[in-house]
Structure formats: C-alpha cells, structure tokens
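Asks: Chain by chain, the residues run as shown.
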Amino acid sequence: MTLLHYLVLSGVLFTIGAATVLTRRNAILAFMGVELMLNSCNLALVTFSRIHGTLTGQVMAFFVMVVAAAEVVVGLAIIVSIYRARRTVSVDEPSLLKN
Amino acid sequence: MTTFVAPVIDWAALSAILVIAGTGIVGVLVAAFVPASSRRTVQVVLALVAPLAALAVVAWRWSVVVGGGESTLVAGQLAEDGPALAAQAIILIFAVVGFAVMASRLPNGEEAFAPQGAAAPGSAYEEAARRAGLEQTEVFPLALLSLAGMLVFPMANDLLVMFVALEVLSLPLYVLSAMARRRRVLSHEAALKYFLLGAFSSALFLFGVALLFGFSGSISLPDLGTAAATTVGMDGMAVVGFVLVLTGLLFKVGAVPFHAWVPDVYQGAPTPVTGFMAAATKTAAFAAILRLLYVAAPGFGWDVEPVLWAVAIASMLLGTVAAIVQTDIKRTLAYSSVAHAGFALVAIVSLSEQGPSALLFYLLAYGLATVGAFAVVTLVRERDADGNVTGEATHLSQWAGLGRRHPVLAATMTLFLLSFAGIPLTAGFVGKFVAFVAAADGGAWPLVVIAVIASAAAAFFYVRIIVLMYFSRPEESERPGADAVEPGALTRASLVLCALGTLVLGVWPTPVLDLLAQAAKFVV
Amino acid sequence: MIDYSWLLVAIPLASAALLLLLGRRADAWGHLLGVLAAAGAFVVGLLVFLEVMGQPSEDRIHDVFLYSWIPAGDLHIDAGLRIDPLSLTFVLLITFVGTLIHIYSIGYMAHDAARRRFFAYLNLFVAAMLLLVLADSYALLFVGWEGVGLASYLLIGFWNHNLEYAVAAKKAFVMNRVGDMGLIIAMGLLFAAIGSVSFTDVDAAVTAGALSTAQVTAVGLMLLLGAVGKSAQFPLQAWLGDAMAGPTPVSALIHAATMVTAGVYLVVRSRLIFEASPTAQLVVACIGAFTLLLGAAIACAKDDIKKSLAGSTMSQIGYMVLAAGLGPIGYAFAIFHLVTHGFFKAGLFLGAGSVMHANGDSTDMRTYGALRKVMLVTWLTFGACWLAIMGVPPFSGFYSKDKIIESAFVGEGWQPWVFGGAALIGAGVTAFYMSRMFFLTFHGKARWVEAGATVAPDDPRPVRHPHESPLVMTVPIIVLAIGALGLGFALTLGNGITGWLEPVTGHYDHDAHHAVLPVPVITVTTLVLVALGIALAWRQYGMSPVPLTAPTGSALTRAARRDFYADDVNEGLVMRPGQHLTRTLVYADTAVVDGAVRGTASGAVGLGQLARKLQNGYVRSYAAMILAGVVLAGIVLHLVRM
Amino acid sequence: MTNPYVPILVLMGAAALLALGGIGASAVIGPKVYSRAKLEAYECGIQPTPHAIGHGRFNIKYYLVAMTFIVFDIEVVFLYPWAVAFSDLAVFGVVAMLGFLALITVPYLYEWRRGALNWD
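Protein chains in written order, with the working numbering: chain A, 1 to 99; chain B, 1 to 524; chain C, 1 to 642; chain D, 1 to 120.
It is possible that some hints are incorrect.
[To be verified] Distance ranges between label pairs, derived from CB positions:
no., chain 1, residue 1, chain 2, residue 2, range
1, D, PHE92, C, ALA192, 56 to 66 angstroms
2, B, GLY443, C, SER212, 51 to 61 angstroms
3, D, VAL77, C, HIS638, 29 to 39 angstroms
4, A, ASN26, B, GLU110, 52 to 62 angstroms
5, D, PHE92, B, GLY236, 51 to 61 angstroms
6, D, ALA90, A, PHE62, 13 to 23 angstroms
Since the hints were made in silico from the structure, they are not lab data. Glycine included, each C-beta is placed from N, C-alpha and C at the ideal position.
The task is simple: from the sequences and hints, build the whole structure.
Replies: Structure, rendered in structure tokens:
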C-alpha cells in the first residue's frame, strides 16, 4: 500500500460525498455528504503532507476539522429550525424560491 | 526537529481586523450581560462605531503602505498592500451603510429581524416573543464577525487563511439569512439553500487547496506561482486544483454557473442583510480572486483567460436575460447582481495593469447602488385591510405609481437603477467605463463588445422599473396594495450616503480613481 | 468672464436641484426662482458673448478646461466647455427664448398644483441643453444629450395621470434611445480609432487624415442616426407629434429653441467628419430634403393645432438638415434659419397655447374660427410669426429660408435640381398649411358658441368662452413676434451672422459658386409659390365654411393624418420589441407565458425562460450546476494547456 | 529485534479478553431477573415508547446540547498538538493558547447567561 492509495481513497470518498449531495433529498444526508467531502480533503492533505515531508497539511487538517465542526453546528441549527416549522427536512420540499 | 521560532506579528497591520473581530466578541458578551432594555442600543452603537473606527485605521495604514510600505505579515500568511487596503476600505464603507439599514426600524417600531430566531414560524412561542417585544440583537455581533472574515479575505496570502476567512464570513451570513421577520418560511429556505450550497462549494474549494498543496508542497500564493513555473509534470493536479479553488471564490461572487443560489437567497434573506451581503461579500470575494489571479496565476503561465471569459460572458448574458422575466424586485436585483459579477470580471479578465483599480472602483459603484436599492425595498410595504403596514411589497406590479406618491424615494431608487444601468453621470457609468477600458487595454476587445451589448440590454430592465414607478398606475389585482413608509433616521442617512456617493463618483470620480490607481501593486 | 462660463450650466442646474429638494416648501416662490435662473443664465451668456465679440475673429474659439472626468490609463475624458461663436449662438437662443417661455409658463401653469416641479424640470432641461451645446467633447455632449432626453421625458409626461400622455412620453424615450445608440456607437468608433472623443482631437485627426474613408463614413452615419433621433427626422420622426401631449410651453421649448435643434447642432459641430465623407454628407442632405416634404404633408393634414405645428417643425428642421448637408455653403444658413425659427416657432407655439387656453384646452382647429375679434394680441403676434415662417419679406424667415433654397440650387448633376426643387415645393406647402392654420383659427365663421348664448339643442358646436390671455403670457409672445419680424434683417446686416459663425463653419466664398438658376428667379418663384399657397388656403378655409368633422379626404390625406403610418411601422420595428422588454413582461407570468406560446416573445424572453427553468429551486440541481461548471472549466483549461 | 508495536498488540489482546470474558461470565453465571426499573433509561437518554415526549420527537434541548458539545469538543483539538510541542513553543505557545481559551470562554459565557445550559 503506497501513499498513492490514500490519494485514490480520498478521491473516492470525495466523489461519494459529492454524489450524496447531488442525489439525497434529505438535508441531513446531503449535509453528511458535504462532511464526507471535507474529510476526504483532510485525508488528502495529510497524505500530501507526508509526501512532501512537511507539517503544513496536517496543520490544515486541524483547521478544517474545526471549521467543519462550526459548519455542522450552524447547519444543524438551520435544519432543525426548518424541521420544526415544516415537519420535513427534504431539500426539495421547501421549494418556494425558484425561477 | 527544527527549533520553533515564534512568528513576528505586526499588530498594527492587523488592527482593522482586530477592531472588528474584537467588537464582534464584545457584542456577544453584550448579548450575554447587558440587560434587555438597553441591549439593542449598545449593539447598534457598537456595530456602527466599529466599522467607522476600522475605516480610520485603514486610512492610517494606507498612508503607511502606499509609497512602498507593502509587506507580508505573520510569516507570509497575510499581505498588506494597496489592493488589500482598498478592498477593506470599500467593504467597511458598505458595512457602515449596510449596518445602518439593518439597525433601522419602521415607523411602527418593527425591525427587519425575527423577534426570536429559534422560534418556529407561526408558533405560539413566536407570537408571544413578538408581543413581548423581544429582539434578536445577536444579528449585530454576527454581522460584525462576518465582516471580520471579509476583511481578512483581501489580505489572505495563503490558501489556509483564505479558507478560514471564507468560512468566517459565510457562517454568520447563513444564520442571518434565516432571520427575516416576515416570510420566515422563505427565509429559512434561503438559509438552507445558501448553507448547503455554500458548504458544498467550500468543500470543492478545500479539495482544490489539497490538490494545489500536493502539487507544490506549499499553500502560500507566491510559492504556488513559483512552483507552478518550475515544477514539471503533475499538470492535471494543478489544473484541477486551480479550477476548484477558483470555483469556491466565483461561487461567492455569484458568477454563472455558480450563481444558482443568488436569486433564491437574495429573495429569501432579510432585505437589509441581502443589501449588505450583496455588496460586501462580492467585494471581499473579488478581492481574493484578484490576489489569486495576480499573485499565483501569472506564475502558472496558464491561460486562465478562456475560463474567465466564459464565466464573464455567461454571467452577463444569463443575469440580464433572467432579470428581464422576473416579477419580484428582489429577484430582479439578484439577477442583476449576477450580471454585475460578469461586468466586474471583465475588468480583470486580461490581467491588465489597470485591472485591480478598475475592478475595485466598479465594486464600489455597484455596492453603493446595491445597498441603497435594497434599502428602498425595505421601505415599500404592503398594507393589510386595516391599513397596517405588513411585509415588503416585492412584486413589481406593486411598485406601479410609486413615483407619483413618493417622488423623492422613487427618484432615489431611479438614481440607483440608472447607476446599475451605467447611465453617464452616475458611478455605474464610470465603473463600466474603466472596467471596459482595462479589458480593452489587455486586448480583450471582443469581450468588451459583448459587455457593451449586454449592458445596453440590461439597461432595459432597469428602465422598466423606472417606467413602472413613474408611468404606470397600480393594477387591480389580488395582491394587497402597497405604499412606502417613512424611512427611519438611520436608513435615511444610509440612503443619502449611497445616493451622494453614486452621484459624486459619477460626476467627479477622479480623486477616487487616482487613489485606487496608487493601490494597484500587489506585494509578492 | 469666459472662465466663468460653467455658470451657464450651473445656475439652472442648481435651481432645479433646489426646487426638487425643497419640495412643497418652495411652492410659493418656486416659479420665480425658475425664471430667475433662466434669466441669470441669459445674462451670463450675454456677458460671455460680449467678451468674445471684443476679440478678433480668429481668437474666438476657447476651450475651458473644467476638470479631469474619467482618467483611465491612456484613455481619459476631460470635462470642459467649448466657447465659440457656434455654441454662443445656441446659448443666447436657448437662454433668451427659454427665459420667455419660463415667464409664459407662470401664467400657463398658474392653476397646476405641481407648478414648482414643472419649473424644476424646465430648468433641468435648459441646463442639459446648455451642457449639450457647450460640451467640448462627444462624451460630455452625450451627457447633455441624455439629460435633454430625460428632461423631455419628464416634461412630456408631466401630466402623467393621463395614460395617453404617459405612453407618448415613453415613445419619445424609446425612439430617442435608438438615436442615442447611434451616438454611442459613433463614440465607440472614434475611441477605437483615435483614442479620444474631444472635438479638438477628433477634428485634428480628421484633418490629418488619420481615419480611413470607411471609418469616417461609419462615424458620420452613426452621428447622423443620433441627430435624426433627436431632431425627429425621417425615419425616427414619429415621436414628435405624440410629444405634443406635454404642456404647451414644453412643446415650445422642445420644438423651437432646444431639443430638436440638437441634431442640427451635432451635424454642424461635426462638419469636418461629414466633409471627409461625401457619402454621409449626401445622406444628410437627402434626409433633410425628404423630411421637409414629409413634415409639410403631415402638417397639412392635421386638425390638431399642436400636431400640425409639430409637422411644421419637422419640416423646418428638414430645411436646416438639408442646409447642413449641403456642405460649407449651408452651415451658416442652417444655423441662421435655426435662430429665426427659434423665435417664430416659439411664438407660434405660445400663440397656440394662448388659443388653447382661451378655448378650454381644446386643440381641434375645426372648433375654432373667427377668434381674431376676441384675441387681438394673439392674432397679431401669431400673424407676424405666420408671415415669418412662410418667408414673406421682410419677416425674418425670408432671409434665412431663402438663403437655404438658393444654396440648395448650387452644385452639379442631379443634386441641385432635386434638393432645390424639394426646398422650393416645401416653401409653397409651408405657406399652405400655415395659412390653413391661421385662417382656421382666426378667420372664417366661429365654429363655437359663446357661453351664455342661446343654443339650439341639436347644435353640434361646442360652448366656449374665448378670451385674451393675461399679460404674463402675451408679453413673451409679443417679444417673440418682434423677433420674428426683425431678427432676420438685423442678423444679415453687414454679413452679421455668417461672418460671426465663420471661425466655426469655415470660410465660404459665395461669389465663386453659382446656382443652376439665377438667384432672382429662385426668389421670385419662391414668393409666387408662397402666394399660391396662401391663396389656396384662403379659398378653402378662409372664405368657404369649414365642417366640424374632417371629410374623409383622399388616400394621401388619410395617410398624412396618420403620420404616413409611421406609428404602425415603428410599432412593429421599435415599440413591440421594446415593450416586450419593458412593459408587458412586468405583469405576471401569464403574460409572459402567453407571449411565449404565441411565439411573439423575442429571443431574450425565450432565453430568460430557459434561465428560469434552470432555476428550479432544487438544491441538488444547483449543486449539479456548480459541479458541471467545474468540470467544464477543467476541460477548457486542459484544452488550453495542450 | 521484534517490532516495537508487538507489546501494544498483546495489550490489546489482553484487554479484549478481559472485556469479553467479563460479559460472557456474567451471562453464564449471573441471575436473570427483569423489572420495570431495570428497563428504564439509565441516568440519561430519553423515555422510550409508549410515552414519548413531544409526539415522538426529541426535545430541542438535546440538539442544543449536542451542538454545544460539538463546538467545544472539537475546538479543543488544538490543545493536542499544543501539548505535544509545549516545551518548544515556550511562552509564545502559552500566551497564544490562553488567548484561544479566552475566546472559547466567550460563547460559553453567552450560553450560560442566555440559559442554554439550563435543562428546564
């Protein structure tokens, strides 16, 4: 198993995450897709960090985690708020804004 | 293991950011400890004073920096140079006028934000909160924190700082978008869309960062440029990485095809927030694009021009044609903002020397008119059967005949619309002129021709609104009648500032253009 | 004083701003301030004029630098004023006639609640027009050009509670836009070719031959398009008649002294460009000759006194454009006719306003008749202007128009015959329609009933109480009538106006070129035709009874009544698409959908619909759009790299 | 020279054995008496059906706590690298981390004052 495999894994995870965002109607699941994308980025960052022999990538990974956490909180707050108002978290359902 | 050397931090250079971020944090404490009766006053004062103070600081830094004082800060992560300071100044100006609109109340004491953000729309709890006169004063610290992110953005000299700034400016805006007092369901939907798409695009941005890091072994923009010029192979990674990073930024400016959130969010978000975010976010993101293109891209030696051309053309055309068929004033303005993202891109598409100053001037002109136009939107309200003022009258047909009933307000709106349309003697005209000249200078003649045609077509739908205000009579329709309310003192001040700025920059732009021309040099 | 010439624009502008900003607080004295501002501008103009007069004729061109407007790299635009005999002639005309119209409006608008706002717009109009003629570059001229358009839009639509008037205002706006496009494109071409749009640079470049013939022709034709739009020449003439919807002083201001003359000004100002391109110059002359006949025909057919006058304006401007298109021989005469026309046409309009005022705002000439007995002053002054416009000596129109007709006969080949013939016929027709108007209004039998008189129940005649207008209205008309009487003679004294304009229009040796016919023959023929026209009109409208409703008339008459179907043509070519982009689309989606279904919606709407479909409200498709964008961008970059 | 990770492997094996052994042993030899009290949620968590609170939905408080937890828990991630490099970072590190902790305290104070930490 070489470092390249990690990169491939990261790419696969990123694709799965993006596919989740594109296909899931449930806001929470779509959001989980985004989180998966962020974490695949972390994996790539750490791997590249290893390849280049620097710590930059790992440091970035820490920041990404923290930012992702903040994003989770804001996202969940919005989703919960919508759920309480509409009893659904489908991203298709609330389509009043369009055209 | 190398020994750790503490980075030298030039606090003076960071002071504008610190003032804003610090005030935001103080604002959180105010929300926690100041009694409810005086909380709002304190918050409003803080939110208005802080940008002014920061503006003064930026002016001071300007005097230090222009004339050769450019430098990189904190181990090269931030850059303090002319474009960065100019962008910060412009963002702070938008913050002053934008916050003033946010803080304003209607004559009946109603403010723009929900009494209790957490309360479900239409619930008994919300009704109780409304009766109790609760106010969600957290909007001001949130706006300040977002502003802090925007101020970091133009200075960001490496991709990590850029990413963090991107998130810091976005997260509070997601929340603010959900806070509209009326039409809360729309507001929620706007926030959800903005959030999901924003998170999605920042994930794309981050993956781009990872790829660029993998390609060059560094995340600092100047290093990236150098590495790209020297590294052989791995082109694919660099190309994809660069495109992804650019995507994240173009998303924020709302350029086609990354624009889809713009109309929905601009329509759903509370109007004062829309005005502020349309003007300030766009400026901040464009400032970041500037640095990315002017510092990193030349080293790449790639032709990023075709991509920028395509995006600019698509934005101008789609923004214009879509705006023509809209029936909602906020959506119309949103699509016009998409078109304006295209026009602004024209200025830097050929990476000419005048590009940055032209772009910044364009953004200043556009932003003043935007904040002003959305401020006018907050004032045109529906009335219920009893004549009480209710929600904003955003359907275009409700604006018919406004000019006859409220000549001054309609004239102000007309001024902003004319500026959008780029009619001479308004800031918008000068902005378009310098932007197009900058593009033509770089040899992008065909693009300039397209831009001129697009701006002529765009003028139609601005004129359409003007015609509607002055020459149509209100139609019989099922929609409630609409009328404008008296602006509060703060909104009035904001409108006067925006209108004056639009006029003065149209009639006598020379001083500002000269200032910006001094600011065109990036530190590497 | 020349250094202070910016006051010319600043005074009325400041007054307009003050009147608009103060709002109702200024209602009591707003109109007086408006008059003072116009008069102040006239005084400044006079002082500048006297100073320039005191200078030797070769030093009479001044460029007053104001400030650097848009510095953008190598291309920069300065704001400056051009003070020379041409611009000063316009300044004096605009401010003098403008002031009289302001005074007249005090009386005319006395009962209008929004009189202050009206004066603000009038001042704005004067300021914009002054900026237009004083600008030292096409860019600044364009600012004034747009300002005039905007102000006229506001003034024509002043009574916008009347939907028809509002539509007329919009029509004027849209048609003017078409012309403006020409001006913009001309500026773009100049910018691209020489990097400057200041008159000095452009003239220098054209003289030096820096532009190819094709370029000059293109610029010339585009400038002409602008001029045609503003001056209501064929094919953009249709808005003028509808623009009569505005208050009558506005019609006077727009038609006589200001807006419509802008096109003539533009052509004369750009004379070097037109001289460098014979093609463009020929087109100018052709348009002028055609419009002078077209306008005259329309004027003959209209029963509405103001619309008939509008046709006459079109026709008279046609004379000026024709003169300007003749080349160096005609410039000075074009301006000369413009000045005298400014006086007598303003007099005619204000007289018409006075008549309308007396007849309960009715504009239908068929309900007038025999008014000379009750409106003596108006009759006399209108009569003076009538004689002037027909070119009866010694009234001012004779001096200016006769010169144009003579000049039209100078040249070689078919041109002198065609242009001269058109000008000659035009003179006869002018005499006919003006006499028709004069006799219909003031002579013949009264086709109205004095209020209070006993009337048979089946009498179709309207009840009126005609009366002479107040002094504040008649005095300006009298002044204008005096101008119509003596100005032409005064300005020809000692080669007056042609010599004065020479630094701008260039020297032309009139003795070196001869008309294809002897001058006395032309003059006599003209006068005979004029006499014929008057006689014909007298026979038909002065002596015989006139029916209250117009007879069906010949096909030609009917066509002329409908402005030769210009509306229908414009409707299809300009208004329909314009409306699609403006009004119809505003109202609800149904209209749009219907429009799309019927297939009449323009391409923009279709594209807009497509954009709407893309914007389906689903987050997932938005995300897909973003991703697709990324992929496309990546592919493009890869392709570029390869 | 064996792999240095072998002892860890051994330790993990022992731990697993102990844990599984304990559960297995209690399953085999323990008494099996069930009562209502034993089936109830223990110490924390929510009441199961049929008496679900709020029509079968979680109380909003759980979300609040969860969000608070996420923020504070994750922010602390910076403490780990800091602890590792503590001695190298010296005074700079201490000051920086104190500043960071002070900032973290601000939202805590906010939550506390606005009552987000009160269960009822």
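Asks: Hint by hint, note whether the structure agrees.
Replies: Do the hints match the structure? See the list:
The hint said 56 to 66 angstroms for the Cβ distance between D:PHE92 and C:ALA192, and at roughly 59 angstroms that hint holds. The hinted range of 51 to 61 angstroms is not satisfied by B:GLY443 and C:SER212, whose Cβ atoms lie roughly 22 angstroms apart. At about 38 angstroms, the beta-carbon gap between D:VAL77 and C:HIS638 stays in the expected band of 29 to 39 angstroms. Distance hint check: the CB atoms of A:ASN26 and B:GLU110 are about 35 angstroms apart, inconsistent with the given range 52 to 62 angstroms.
Hint check: D:PHE92 to B:GLY236, Cβ distance near 40 angstroms, so the stated range 51 to 61 angstroms is violated. For D:ALA90 and A:PHE62, the Cβ-Cβ distance of about 20 angstroms falls inside the hinted range of 13 to 23 angstroms, so the restraint holds.
The structure does not agree with the numbered hints 2, 4, 5 stated previously, though it agrees with the rest.
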